Amino acid sequence: MSTVDMRVRVGALELRNPVMTASGTFGSGREYADFVDLSRLGAVVTKGVSFEPWAGNPSPRIVETPSGMLNSIGLQNPGVEAFCAGDLPWLAQRDVPVIVNVVGHRADEYAAVAERLDSEQAVHALEVNISCPNVDAGGMAFGTTCPAAADVVRSVRAVTSKTLIVKLSPNVTDVTEIARAVEAEGADAVSLINTLLGMVIDTRTFKPVLPRGVGGLSGPAVRPVAVRMVWQVAQAVSIPVIGMGGITCANDAAEFMLAGASAVAVGTANFIDPTTTVGVAEGLERFCAARGIGRVTDLVGAAWKKQ
Amino acid sequence: MSTVDMRVRVGALELRNPVMTASGTFGSGREYADFVDLSRLGAVVTKGVSFEPWAGNPSPRIVETPSGMLNSIGLQNPGVEAFCAGDLPWLAQRDVPVIVNVVGHRADEYAAVAERLDSEQAVHALEVNISCPNVDAGGMAFGTTCPAAADVVRSVRAVTSKTLIVKLSPNVTDVTEIARAVEAEGADAVSLINTLLGMVIDTRTFKPVLPRGVGGLSGPAVRPVAVRMVWQVAQAVSIPVIGMGGITCANDAAEFMLAGASAVAVGTANFIDPTTTVGVAEGLERFCAARGIGRVTDLVGAAWKKQ
Amino acid sequence: MCTEVPTPAIEPVVVVSNERVAEGVSRIVLDAPRTAGAVEPGQFVHLRISRHADFILRRPFSVHRARDGRIEILYQVVGLGTRALEDAVRDDVMDVIGPLGHGWRVPDGTKRALVVAGGLGAAPMGMLVERLAERGIEVTLAQGAPSAGRLLARELFDNLCSRAIVATDDGSAGLCGFVTVLSAEQLGRDRPDVVYVCGPEPMQRIVADQCAGAGVPCQVSLERLMGCGIGACLSCVVTTRNGLKRACVDGPVFDAADVVWDADGGQEGGR
Amino acid sequence: MCTEVPTPAIEPVVVVSNERVAEGVSRIVLDAPRTAGAVEPGQFVHLRISRHADFILRRPFSVHRARDGRIEILYQVVGLGTRALEDAVRDDVMDVIGPLGHGWRVPDGTKRALVVAGGLGAAPMGMLVERLAERGIEVTLAQGAPSAGRLLARELFDNLCSRAIVATDDGSAGLCGFVTVLSAEQLGRDRPDVVYVCGPEPMQRIVADQCAGAGVPCQVSLERLMGCGIGACLSCVVTTRNGLKRACVDGPVFDAADVVWDADGGQEGGR
Ligand SMILES: Cc1cc2nc3c(=O)[nH]c(=O)nc-3n(C[C@H](O)[C@H](O)[C@H](O)COP(=O)(O)OP(=O)(O)OC[C@H]3O[C@@H](n4cnc5c(N)ncnc54)[C@H](O)[C@@H]3O)c2cc1C
Ligand SMILES: Cc1cc2nc3c(=O)[nH]c(=O)nc-3n(C[C@H](O)[C@H](O)[C@H](O)COP(=O)(O)OP(=O)(O)OC[C@H]3O[C@@H](n4cnc5c(N)ncnc54)[C@H](O)[C@@H]3O)c2cc1C
Ligand SMILES: Cc1cc2nc3c(=O)[nH]c(=O)nc-3n(C[C@H](O)[C@H](O)[C@H](O)COP(=O)(O)O)c2cc1C
Ligand SMILES: Cc1cc2nc3c(=O)[nH]c(=O)nc-3n(C[C@H](O)[C@H](O)[C@H](O)COP(=O)(O)O)c2cc1C
Ligand code: FES
Ligand code: FES
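So the sequence lines, in the order shown, correspond to chains A, B, C and D. Per this note's numbering, residue 1188 is the first one in the first sequence, and the count goes up by one each step. Per this note's numbering, residue 1188 is the first one in the second sequence, and the count goes up by one each step. Per this note's numbering, residue 179 is the first one in the third sequence, and the count goes up by one each step. Per this note's numbering, residue 179 is the first one in the fourth sequence, and the count goes up by one each step.
With the rest of the complex left out, here is chain A (with noise of 0.2 angstroms):
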């Protein structure tokens, strides 16, 4: 076999490779487990859990954009008793570490589902989303201040000893001082971007597609602005930074290592081929063997490291 070590770490996490899923694209990982074989992943991250069941945004909720898509979910999910119920338990049977992404409308919610999640030995790491623009309360809201960020990171990190990931909005005006608000907080990692804040209106009805007017921006067209955050973000703070946006193979995904980013996730590319993943861990394996790199963690922010 290959002789690429292609191990990373997150926080506690060691994972087998850098890649992962984007939360809200992959279901509970149950959904791709006919193309999938998880174990070859670093980490199946699922979607959006919250506290009590939520019932998400009225449809439709996606549209296509150039190069992309505008999604406008809404976080629909059965709360996190049912998850502990239903896919934790299938997940825990597969050999794959399990990141949670935690919801919320305030930050005693959030702080409810990690307090929740702790006790699940089957959960590895808690992705806390303060970044989601499809709901009107909690969500974005608390992923554009840094005191609502850090309120959210410190009532989570108060309730658990898991690995915590905290996931940035990319609509703010500086980046690194979100990042650095979370770190400061006892955030073990980042992950970015959530979705860019965009709109579509139909020409027919003269009326935004979506019924909320805006939703999440993703795939390949946000991919330049999802590059340089991380670029920022992994200069800027000493955690580990997730990148993700618009990921559709290994060189993608090599130019977000290089910006810095020690792990990465695949979102929208999953809905156009569900291997994709797969997919970008053996070609990132295959790019490291190419070019004679002998850890996958020397590509880690080589674009601006010194020599």
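I should point out that these hints are in silico values taken from the structure, not numbers from a laboratory. Heads up, some of the hints might be wrong.
Unchecked claim - If you anchor each label on the Cβ, the simulated ranges turn out as follows:
1. C:G247 / D:G215: 47 to 53 angstroms
2. B:R1196 / D:P190: 34 to 40 angstroms
3. A:D1389 / C:E197: 40 to 46 angstroms
4. A:S1226 / C:G215: 53 to 59 angstroms
Values in this document were obtained by computation on a predicted structure and should not be read as measured data. Glycine included, every Cβ here is placed at the ideal spot set by N, Cα and C.
Using the hints, position chains B, C and D with the ligands against chain A.
Below, chains B, C and D with the ligands without anything else, positioned relative to chain A:
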């Protein structure tokens, strides 16, 4: 001919139709004269003009991205005197309003350019660019905080009675805040969006493709973000909004007008089809005619205005 | 049928033919042995129209018929994807994920079925009518379209249905009016054991109401914008009496009695 | 030539043929009557490869030859656009903006010319050699490539040049080594009135230095990433002794003596 009234107002300016050129993508207009009858456009917006000559950034200055491109031109221009001696007299002979994009490293430099142009009859309006991501001093730095934006606009307003448009940056948490700040200082209109800050890293060299690292993302990829911001700003201010970002056809232009833009500008699309501007103007007229819309201004904000 | 859902897979497919079959509607035939062998009536494929790449998502299409290792899709050109599909020529390579979703169910003891198809709603009915005919079930078809030139799959339906009646908006064939007039008549006259409906959602809803009134089980096939097509993204939800369901895996065929019409998705604000 | 620049225009073009002509290099022939009639040696077209739309910008290509209303382009597959170009087949429709740029100039009284082409640098030399031959100018060609299989347009050059000498990196044809060895020899031996150079920029620079040393006028054809292709966007700047020039309208051919190598664009920071 048609019965659609295509005229729109931007400050004291009346344009024969809502379609302008986006600064920096249409040269001084002269370069497109082989392809476009300038008198069929609403206005020509020139590239950025500074007080002293600027050399711009090192090459390469552009890189293509999914449905878009990054540029790092860096506002290369011969300075306001050379502009007034060279391009301006040529433009003055065309039957089209001329809007000059004004740049500076400091507020007083912006004012110096504005003051010089104030005496030029051939200049119909100024577009103050506080949103260029491709210069270290000035540019976007002014467009991302309210006090800095207000400062530049105040300085310029003090020295010119011409129609004053302020070009806003999308790289902010809340674009409506900046829009309101410049409105309060006497801006007659706002234009948005300038480019999103992005980066592409070359996976062969392991370095950013652009020597400055970051560049400005434009083209269809950014359209959903631009439409969203126009929608937000048009509802937040009472001055006209000029919308741009990824417009390639009349349908795209209509989307911006429905979102609340009183006029639109075509940028990156000129590179692919140099006749795009006239095509958009004609198409917009057909768009209205086909729907029995008598005045193009009836489109403005129709996606959110109460009937 | 469809109690055992065949495992979906990604299958590269090759275009065999692609041509107009009615006003504004084309039929594309794809060489797709795996999918053709596994697909059940009412299921769909998620198609990647790969030569044109300025859109990125797949597009879902019902399998109209499947035989000899090939699948047939009837499609109408409505936007970017279907315009690109129309440009495909013989030997172009694409790929599908399929077969996907839960298709039509035939209740035990069914002797007589009514199939109601409006416009493109005829697309998922091809395999269904074939299957019903195979099982010796007597099929009445009520088909509607804007005009005679837009009635789809006439030959197939005429051959396999005991009765095929049509309605057109402009009266250019059959009854001048909506297909829902025909379905109402049929339900009154000749009580079927089950009714299958596909077409514009308002029409499906009217037929569902007619069936509810007549006490006849009714199945509808619902279309939603789809991201993943495999149950992961929650873009395709349908509101049912049992909560939100995903059209791509729980449907596209639903029991009409379960559907809560006009109420898709959660409340505003995601609370 | 090229004192009067023909007005550029957008012209729809149709693919006549598209095939491999050397290792990694293809030739596409386009039906383009207007451009073919107006183009001068050294000019280029800005090509929109329209059937593949996940890239959006045009791509610039030199016109290798132009006759009978057709233009020929020699191209190497290096990325997205050229990969798509390789997929084009007869009768595909694209469009070009052209002819663009300032081409090669022939100084008055020229009797002997040296043409130095490295790799794809042979592309803009086709029309040039034809034109020089027409005017009875004696042409020596020094051509380099990685290997014999990558030497382009051999027939054309052999027919029209008084002398054609080659160098390959692997020695599979001609001299084993760089073409700059040949150009140095030629300059020493048989003093030409003008030298034309195209190829990788470091090679062009070496030849330019050789010419400067020998006191022979030298023209180089520079490549830059191009946005608009018509002088508007300033993405293609070349640093010259007379300031920044745009490769698309002021070039791509420049007097080597004017070029400031390795210094493109302004200072960091745009000040
Ligand atoms: C399970 C399923 C089976 C289908 N079977 C068929 C079939 O057999 N034949 C056929 O022609 N079509 C079928 N469709 C619809 C088909 O998927 C769409 O017409 C197609 O995706 C449109 O793609 P486009 O790129 O051409 O249009 P787009 O550019 O994506 O959209 C054009 C317009 O059509 C609307 N639209 C697109 N998709 C849908 C949809 N699914 N429901 C409602 N409105 C939509 C959009 O909102 C937009 O207004 C099916 C859909 C589903 C969910
Ligand atoms: C005036 C002019 C004439 C040209 N004539 C020819 C010709 O006759 N035959 C030919 O094969 N090519 C020619 N080129 C180069 C050709 O334009 C590029 O190879 C082509 O644009 C690459 O497109 P792509 O999408 O395949 O590559 P991309 O995916 O755009 O890029 C692939 C790689 O090539 C690099 N690259 C792309 N374009 C250039 C460029 N212009 N200069 C330097 N590096 C570049 C990119 O930085 C990237 O690393 C010419 C360029 C110019 C400016
Ligand atoms: C349909 C959809 C649903 C998403 N749901 C979530 C979510 O529940 N929680 C979250 O943190 N991010 C969510 N995201 C954002 C993605 O995880 C990711 O950050 C973003 O899409 C950018 O990556 P991509 O371009 O690869 O998709 C969602 C994205 C999409 C497209
Ligand atoms: C090559 C290039 C140069 C630009 N130069 C300027 C400039 O000088 N001043 C300015 O305000 N905006 C400049 N812009 C931004 C455009 O005017 C416009 O705001 C942006 O590109 C979004 O529109 P588009 O997507 O239609 O290109 C430039 C954009 C490009 C692509
Ligand atoms: S399309 Fe993704 S869940 Fe149905
Ligand atoms: S390519 Fe735009 S100026 Fe040369």
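Checklist entry - CB of S1226 of chain A to CB of G215 of chain C, is that within 53 to 59 angstroms? => result violated, 29 angstroms
Checklist entry - Okay, G247 of chain C versus G215 of chain D on CB: inside 47 to 53 angstroms? => result holds, 52 angstroms
Item to check | Pairwise beta carbon distance, D1389 of chain A to E197 of chain C, judged against the given window 40 to 46 angstroms | outcome: violated, 31 angstroms
Next on the checklist: Quick check on a hinted range of 34 to 40 angstroms for R1196 of chain B and P190 of chain D, using CB atoms only.
Outcome noted: Check passed, 38 angstroms falls within 34 to 40 angstroms.
This entry does not satisfy hints 3, 4, going by the numbered hints stated previously.
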